[in-house]
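Visitor: Fit chain B to the given chain A structure using the hints.
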Amino acid sequence: MSTLTPVGGPALVPGRPAVSLRSTRPRHGEAFMRLLLRFAAIVTIIITAGILIALLVPSVEFFRTVSVFEFLFGDRWAPRFADASFGVWPLVTATAWTSGIALLVAIPLGLGAAVFLSEYARPGLRKVLKPVLEILAGIPTVVFGLFALQFVQATLFRDWFDLDTGAFSVLAAGLVMGVMIVPTIASISEDAMSAVPLSMRQGSAALGANRMQTTVRVVFPAALSGIIAAIVLGVSRAVGETMIVAIAAGGQARIVTGPLEQGQTMTGFIANAALGDSRVGSLEYDTLFAVGLLLFLVTLLFNFISIRFVRRFREIY
Amino acid sequence: MTLLTTGLGAHIRSASIRGKVQGGEHSARSVLFLIALWLCLFVAFGVLLTLIITTLIDGSSRLDSRLVTEYPASAPERAGFRPAILGSIWVIGVTAVLTIPLGVAAAVHLEEFADRTKWFNRVIELNVQNLAAVPSIVYGLLALGFLALLGVQNKNIVIGGALALGLLVLPVIIISTREALRAVPLEIRQGSLALGATPLQTVWRQTLPASIPGIATGAILGLSRALGEAAPLLILGALVFVSFDPNGLLSGYTTMPIQIFNWTSRPQAEFHELASAGSILLLLILLAMNGLAIFIRNRYQQRW
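Residue numbers (our numbering), protein chains in the order written: chain A, 1 to 317; chain B, 1 to 304.
Wrong hints could be hidden among the right ones.
[To be verified] Which chain A residues stay away from chain B? Per the calculated CB distances, all over 12 Å, these:
| hint | residue |
| --- | --- |
| 1 | F39 |
| 2 | F161 |
| 3 | I255 |
| 4 | V298 |
[Said to hold, decoys possible] Taking lysine to any residue and the SDA-like style, the derived pairs with C-alpha atoms no more than 25 Å apart in a straight line are:
| hint | chain 1 | residue 1 | chain 2 | residue 2 |
| --- | --- | --- | --- | --- |
| 5 | A | K127 | B | V43 |
| 6 | A | K130 | B | L283 |
| 7 | A | K127 | B | E179 |
| 8 | B | K155 | B | I89 |
| 9 | A | K127 | B | A183 |
| 10 | A | K127 | B | K155 |
| 11 | A | K127 | B | N247 |
| 12 | B | K118 | B | P185 |
| 13 | A | K127 | B | V31 |
| 14 | A | K127 | B | I89 |
| 15 | A | K130 | B | I53 |
| 16 | A | K127 | B | V97 |
| 17 | A | K127 | A | T214 |
| 18 | A | K130 | B | L32 |
| 19 | A | K130 | B | K118 |
| 20 | B | K155 | B | N247 |
| 21 | A | K130 | A | A49 |
| 22 | A | K130 | B | Q301 |
| 23 | A | K130 | A | Y120 |
| 24 | A | K130 | B | I52 |
| 25 | B | K118 | B | V31 |
| 26 | B | K155 | B | V97 |
| 27 | A | K130 | A | A222 |
| 28 | A | K127 | A | D191 |
| 29 | A | K130 | B | I212 |
| 30 | A | K127 | A | A49 |
| 31 | B | K118 | A | A49 |
| 32 | B | K155 | A | S278 |
| 33 | A | K130 | A | L224 |
| 34 | A | K127 | B | I35 |
| 35 | A | K130 | B | E179 |
| 36 | A | K130 | B | N247 |
Just so you know, the hints here were simulated from the structure itself, not pulled from any lab data.
Small disclaimer: the values here were computed from a predicted structure and weren't measured.
Ideal Cβ placement from N, Cα and C applies to all residues, glycine included.
The following block holds chain B by itself, in its conformation from the complex:
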């Protein structure tokens, strides 16, 4: 054993001496280090690829039009995601309407008007950073407690789900909007103020329009996170048999991740295939949203 380790050490030492002559980048240790780094990336992306391929194989038999047109049913061959898709659209739409204006307003205050030397504003900043990392299921509990406080009997309503997801997305939108605002150079603001605009006019006519691409990217990424989220909605009783199209804020609903979870927990293999097919659909939607966000970032973002 000792012989082996000293032998190895000597080998590395001689290699590193040789390496130094060549510029040091080709010593055994350097090469091993680089190989290890490649391996890290390879494993991470390998798992991603395996996940996509196995899900595709499992779900391919059910990737047809019935997947989007049919309602859930006790027979897997007749079941589909129609109400879940519509439910997801409703919940995410309401979430967007609730959180984007609020998040942008909060970010404008923190970035443009708040006096950072005051302790209260520092507390708000720290608080937003912490909220971004609070487990999603805790937001579900908060919404549950809130609905109970209001005396709402039926927790499974669109506005309740949107409330929970909105709380989840709000810090993401605030943080990305602040970053977008910070990227607008000070000279733009100073020029506007020098021309006689009030601080609020400056924000409304110069700073905000200039940061719209960044805000849009952040909002889309935040909403796509909400679209894939299941835990808080599970708490709010979204795991129900819905055989109708949701049609309003107080309507019952289920969403795609919840429907996938529902079918994953059934024993029959056919339902697992259905869950895999639904996962592919959800991944495609999320990929499209992410692609849109990246496109907006690359196409419209100004480099000052």
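Isolated chain A (complex conformation):
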């Protein structure tokens, strides 16, 4: 054994490597820096914990006064009235209307744009169209809100189409919100379709399918999990969008029964209530956080479903 000992090196101990790749002296500076980097990553966990605590603590206070049952299933929302009532149902119906209308617009437009960009557009056209889509994604929601209120509701619906509607409607807010979500749905589902291997398209073409048949019967099903992820993320964005609905959907919390009615969404309520200066610890202040908690939980559910589906298509190809 001792004959194998390298000159000047440590004696070879059976079962242990003779030369260690570890540095000969500890690098305290390096270890410290890596600790800092690690901490930066942990900050993101702290933020989520912070959100939960910040929402839960006032919500617990809120639910001491108002029962969870009354909050979730009550059909009258009047937190500021003398005979206050805290049924969140009117806010939920308004959110459902605006989000539903938005998705009716965004799903076909977004998927159509994605299919075109991924399967049909030549590289030159793609290079032009993608930045335009990015510009659409970069327009501030306040500007979309102003557009919904001034043009879609006032000019288009009332002046041109002469519809029986007031100054606000969930339809105007929903339609414009739909256009806002198009880039989200388009870019994620285009990623998913581009990830489908070329060989599958070639195989389909070799069997005699044309481009449309290949797209609809091969590429689309293969990219389905990514497309579902895109749509679910779109739902999450629609539910959480604030400024468009705060500007164009209206401010009275009543159960919405038709698209031309006005209605206050969950986010619209939070934005509006925050304008009035509510004291920390008052019931009004706690109400904000209770609605915020409901909003956070709903979007959390959708986000996790979306992330799951994205993982699936990333894993397959």
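Guide: Chain B alone, transformed into the frame defined by chain A:
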């Protein structure tokens, strides 16, 4: 009705047979499908164009120098965006200083050092993905709760707004930095390590410099999103009458989107014109930022 549908079906069937002879791309269904796709793009871009044109028409009467030099006023013809523009610069500047180093550090840890087989690191990754999709107004509530916890009486301070927007931008920066780091080939790292550099030196002298264009693009896009964001600042009481230039971290402020929202909710048409003119200004700034990001991406990004 039945006659009509069968007639249509027969027509399509015969067309598809004819189509197959020609290679299948010109069958009626294929052509209709392509037309539908074009229509999708056309509608989306048509709305974009309509939005820009109507905003331009509404705001054109107020697109003058007073828009940027005047303070808000009760008379619309004397009102302007000066404090809102300065407020936006302050808030976004502080946001950038707070989030870019933190976001890049977190991304370096996740991409270069974290052991992905450990559950804790997987939780962090999942968490970042979720944070990127949390509604912006929730970040406003978080910042509001945080300021209340610290016992801050006046919520309308620059650092408070920057905190809320920073939380919003952080996941965007982390995700884009990770993508930029991932694009740097493994051989660069291996070469550096083989020459005796420590892992941290490798990151600092090779990997990070190589991914700066990607990081810059992501950071600019993230900050431009923050610049257009109004909801979290609304929660923090930024909708106030500001007739002074913000001058520090604890100064009161309002920002451009908030000022636009403020004037949108007034009844007078003159204020709506002012809001439209402000929207054009904001769109121009955002377009310039987006253009810069795309330019950096195309000009400096290395293809390995």
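Visitor: Run every hint past the structure and note whether it holds.
Guide: Verification of the hints:
Not every CB of chain B is more than 12 Å from the CB of F39 of chain A (nearest about 8 Å), against its label as outside the interface. With a cut of 12 Å on Cβ distances, F161 of chain A stays outside the contact zone with chain B, its closest approach being about 15 Å. Every CB of chain B lies more than 12 Å from the CB of I255 of chain A, the least distance being 22 Å, so the non-interface label holds. Some Cβ of chain B comes within 12 Å of the Cβ of V298 of chain A; the nearest lies about 9 Å off, and the non-interface call is violated.
Restraint check: the Cα-Cα separation between K127 of chain A and V43 of chain B comes to about 19 Å, which is no more than 25 Å; the hinted pair holds. Of the pairs offered as hints, the one joining K130 of chain A and L283 of chain B holds, with about 18 Å between alpha carbons and a cut-off of 25 Å not exceeded. The hinted pair formed by K127 of chain A and E179 of chain B meets the criterion: a straight-line CA distance of about 20 Å does not exceed 25 Å. Straight-line distance between C-alpha atoms of K155 of chain B and I89 of chain B comes to about 19 Å, which keeps the hinted pair within the 25 Å bound.
For a cut-off of 25 Å, the pair hint linking K127 of chain A to A183 of chain B stands: about 20 Å separates their Cα positions. For the given pair, K127 of chain A sits about 44 Å from K155 of chain B by alpha-carbon distance, which is inconsistent with the 25 Å threshold. For the hint linking K127 of chain A to N247 of chain B, the alpha-carbon distance of about 42 Å lies beyond 25 Å, and the restraint is violated. For the given pair, K118 of chain B sits about 24 Å from P185 of chain B by alpha-carbon distance, which is consistent with the 25 Å threshold.
Distance hint between K127 of chain A and V31 of chain B is fulfilled; the C-alpha atoms sit about 24 Å from each other, no more than 25 Å. Pair hint K127 of chain A plus I89 of chain B does not hold up; C-alpha atoms about 31 Å apart against a cutoff of 25 Å. Distance check on the hinted pair: K130 of chain A and I53 of chain B sit about 21 Å apart at the alpha-carbon level, within 25 Å; holds. Distance restraint check for K127 of chain A and V97 of chain B: the Cα-Cα separation of roughly 32 Å exceeds the 25 Å cut-off, and the hinted pair is therefore not satisfied.
A C-alpha spacing of about 23 Å is found between K127 of chain A and T214 of chain A, which places the hinted pair at or below 25 Å, so the restraint holds. Taken as a hint, the K130 of chain A and L32 of chain B pair is honoured in the structure, with Cα atoms around 23 Å apart against an allowance of 25 Å. Between the alpha carbons of K130 of chain A and K118 of chain B the distance comes to roughly 37 Å, so the proposed pair goes past 25 Å and is violated. Only pairs whose Cα atoms come within 25 Å are accepted, and K155 of chain B paired with N247 of chain B is accepted, the gap being roughly 16 Å.
Our distance criterion of 25 Å between C-alpha atoms is broken by K130 of chain A and A49 of chain A, whose separation comes to about 36 Å. With a C-alpha separation of about 18 Å, the suggested pairing of K130 of chain A with Q301 of chain B holds against the 25 Å cut-off. At most 25 Å may separate the alpha-carbon atoms for a hinted pair to count; K130 of chain A and Y120 of chain A meet this at roughly 14 Å. Of the supplied pair hints, the one linking K130 of chain A and I52 of chain B holds, its CA atoms being roughly 18 Å apart against a limit of 25 Å.
The hinted pair formed by K118 of chain B and V31 of chain B fails the criterion: a straight-line CA distance of about 51 Å is larger than 25 Å. This hinted pair checks out: K155 of chain B and V97 of chain B have alpha carbons roughly 20 Å apart, not beyond 25 Å. Taking the CA atoms of K130 of chain A and A222 of chain A, the gap is about 23 Å. The hint holds against a cut of 25 Å. Restraint check for K127 of chain A and D191 of chain A: satisfied, since their Cα atoms lie roughly 15 Å apart, inside the 25 Å limit.
Pair hint K130 of chain A plus I212 of chain B holds up; C-alpha atoms about 22 Å apart against a cutoff of 25 Å. For a cut-off of 25 Å, the pair hint linking K127 of chain A to A49 of chain A is broken: about 41 Å separates their Cα positions. Under the criterion of a C-alpha separation no larger than 25 Å, the hint pairing K118 of chain B with A49 of chain A is consistent with the structure, at around 20 Å. Restraint check for K155 of chain B and S278 of chain A: satisfied, since their Cα atoms lie roughly 12 Å apart, inside the 25 Å limit.
For the hint linking K130 of chain A to L224 of chain A, the alpha-carbon distance of about 22 Å falls within 25 Å, and the restraint holds. For the proposed pair K127 of chain A and I35 of chain B, the alpha carbon gap of about 21 Å is at most 25 Å, so the pair holds. In summary, the hint linking K130 of chain A to E179 of chain B is supported, as the alpha carbons are separated by about 19 Å, within the 25 Å threshold. Between K130 of chain A and N247 of chain B the alpha-carbon distance is near 39 Å, which puts this suggested pair outside the 25 Å criterion.
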